[in-house]
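J.: Count the sequence shown with UniProt numbering and you get residues 1 to 478, in order.
Hint data in this document are derived by calculation from the structure and do not stem from the laboratory.
Treat the hints with care, as some may be off.
What the hints assert, rightly or not - Distance condition first, Cα-Cα at most 25 Å in a straight line; then the derived SDA-like pairs of lysine to any residue:
| hint | residue 1 | residue 2 |
| --- | --- | --- |
| 1 | Lys265 | Pro376 |
| 2 | Lys98 | Lys111 |
| 3 | Lys125 | Gly371 |
| 4 | Lys215 | Asp290 |
| 5 | Lys243 | Gly291 |
To be verified - Label-pair restraints from in silico Cβ distances:
| hint | residue 1 | residue 2 | range |
| --- | --- | --- | --- |
| 6 | Leu261 | Asp114 | 31 to 39 Å |
| 7 | Leu28 | Gln127 | 18 to 26 Å |
| 8 | Ala29 | Leu261 | 42 to 50 Å |
| 9 | Glu22 | Glu69 | 32 to 40 Å |
| 10 | Gly81 | Lys216 | 23 to 31 Å |
| 11 | Arg9 | Ile32 | 19 to 27 Å |
| 12 | Glu71 | Ile32 | 42 to 50 Å |
| 13 | Glu69 | Phe255 | 37 to 45 Å |
| 14 | Gly124 | Glu375 | 19 to 27 Å |
| 15 | Gln369 | Lys216 | 14 to 22 Å |
| 16 | Ala29 | Leu318 | 44 to 52 Å |
Beta carbons: idealized from backbone N, C-alpha and C, even for Gly.
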Amino acid sequence: MNEEALLARASEERERIFQRYERGRENLAGQIDPWEDPEFEEYHKTDRYGFIHDERLPQKTAPQKINIEVEREKKWVKMLGTWDSPTTKEKLHRRIYKGIPNSLRIKIWCKLLDVNRIKSEYPGKYQEMLKLAKQWSTDVRQIDSDVNRQFREHQFYRERYSEKQCSLFNVLCAYSMYNSEVGYCQGMSGLAGILLMYMDEEDAFWALAVLLSEKKYHMHGLYIEGFPKLTRFLEHHDKILTKFMPKLKIHFDKFGLDAILYSLKWFFVVFVERVPFSLCLRVWDIYLLDGERVVTAMAYTILKLHKKAIMKLNDMDLIVNYIQVKLHKDFGFEDDIVIYHLERSMDELRRAKLDYPGPPPPNELPKRQLGMFIEPDKKSKIGQRAENFSETEKQARATVILRREKAALELHELRVSQSDTVSGENMSNGVPLRISQASVDIHVDSPGHLRVPSHLPEHHRGYLIKLHKHKKSTNRKK
1 MNEEALLARA SEERERIFQR YERGRENLAG QIDPWEDPEF EEYHKTDRYG FIHDERLPQK
61 TAPQKINIEV EREKKWVKML GTWDSPTTKE KLHRRIYKGI PNSLRIKIWC KLLDVNRIKS
121 EYPGKYQEML KLAKQWSTDV RQIDSDVNRQ FREHQFYRER YSEKQCSLFN VLCAYSMYNS
181 EVGYCQGMSG LAGILLMYMD EEDAFWALAV LLSEKKYHMH GLYIEGFPKL TRFLEHHDKI
241 LTKFMPKLKI HFDKFGLDAI LYSLKWFFVV FVERVPFSLC LRVWDIYLLD GERVVTAMAY
301 TILKLHKKAI MKLNDMDLIV NYIQVKLHKD FGFEDDIVIY HLERSMDELR RAKLDYPGPP
361 PPNELPKRQL GMFIEPDKKS KIGQRAENFS ETEKQARATV ILRREKAALE LHELRVSQSD
421 TVSGENMSNG VPLRISQASV DIHVDSPGHL RVPSHLPEHH RGYLIKLHKH KKSTNRKK
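Just need the whole structure built from these sequences, with the hints factored in.
T.: See the structure below:
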């Protein structure tokens, strides 16, 4: 098939996908495959947030909790009427940490993200981006696939081509044109999906734009090629564990558990589908107020609260399952207790100057003007994958490998320091066998002389040299 035919086929596919969302569920009777559309069951299995459960839920909320929420709503309604006053600003922190009433999140989240301001500054921009997406977006197929996987247990998104599924598709397609550097990345459907639970379509689009580009959140660096912000935050997370929970860090290293294996959704979507939804909303309330410091502190809080249970698990898969699956179903602590510990964690990290990994470097920030249309190249239009990894992708892969090897070296160094002898069975020319020598290209030229490649980062080279020197001194003792 020649290039023109491939371009025509891609254009037809994009148009066909858009038409199904534009027609909506009511006009697609008999055209939705059964596997796409799980049956909706009885209403009594739907919780207050719209999620459907397999088991019967408690019939009523405790009267005391209802009264507390009603009184809280009254205070919030009054605050909304005086949002910009000094009194409101003074009370805002305390009130948000107590929890925003669910019925008022739609208004308060828009206020915290300043959605109305940015929307008024760019009238018609959302519709313009959506129109461009219908003609040019190269991410339509992946977005279509992810829309039907996101929040399948929620009544808004459960039915194929429902109103909210259509809104989610539109928001993601429009944003893929608005921010051409990011386009669309898996994970963004979780962000947009939770925003659409509390906002209309255009408001959710601008809220997503704020989260990715505004200084307080800077999520752009999480989703661009190479995920540089994720790497930076994972390294900071490791620093926190090493300082405050060294035994847990050693436990993770012992089973080869890199933070990337259990924490992706912590950083990518701010704990969506990793903690119970009621707690996730409380964390989001605080995140929208205080920004990315909250993610760092909440990651620390989760491990601090569950350290004892995790230390009893002696298998990488069991640990990952506990953190990712078990805690999502049952966190084991009341939401108020978790938020109390989260606030304490933020104070603890602030005193240790570990609350913030620092401002984003230039490679994490947008380089192109947002909202400026750039026509995709032919390969992107056709949907061809690049034959080779880009330099950014290679660097991201190398970083993950080096993080794991650094953890292995630290663990081995600790074991050596605790003993006068090191088993020769686990060593090869002075380098632990569990370290991938092929990937780091480490050589021992002659007895006692280690050659470390110069392309490795300085701190990784330092770890290797330090370990080799320690081995030499241990051998002399023998």
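J.: Give a verdict on every hint.
T.: Hints versus structure:
no.: 1; hint: Lys265 x Pro376; result: violated (29 Å)
no.: 2; hint: Lys98 x Lys111; result: holds (17 Å)
no.: 3; hint: Lys125 x Gly371; result: holds (8 Å)
no.: 4; hint: Lys215 x Asp290; result: holds (11 Å)
no.: 5; hint: Lys243 x Gly291; result: holds (23 Å)
no.: 6; hint: Leu261 x Asp114: 31 to 39 Å; result: holds (36 Å)
no.: 7; hint: Leu28 x Gln127: 18 to 26 Å; result: holds (24 Å)
no.: 8; hint: Ala29 x Leu261: 42 to 50 Å; result: holds (43 Å)
no.: 9; hint: Glu22 x Glu69: 32 to 40 Å; result: holds (39 Å)
no.: 10; hint: Gly81 x Lys216: 23 to 31 Å; result: holds (25 Å)
no.: 11; hint: Arg9 x Ile32: 19 to 27 Å; result: holds (23 Å)
no.: 12; hint: Glu71 x Ile32: 42 to 50 Å; result: holds (45 Å)
no.: 13; hint: Glu69 x Phe255: 37 to 45 Å; result: holds (43 Å)
no.: 14; hint: Gly124 x Glu375: 19 to 27 Å; result: holds (21 Å)
no.: 15; hint: Gln369 x Lys216: 14 to 22 Å; result: holds (21 Å)
no.: 16; hint: Ala29 x Leu318: 44 to 52 Å; result: holds (46 Å)
Checked against the numbered hints listed earlier, the structure breaks hint 1 alone; every other hint is satisfied.
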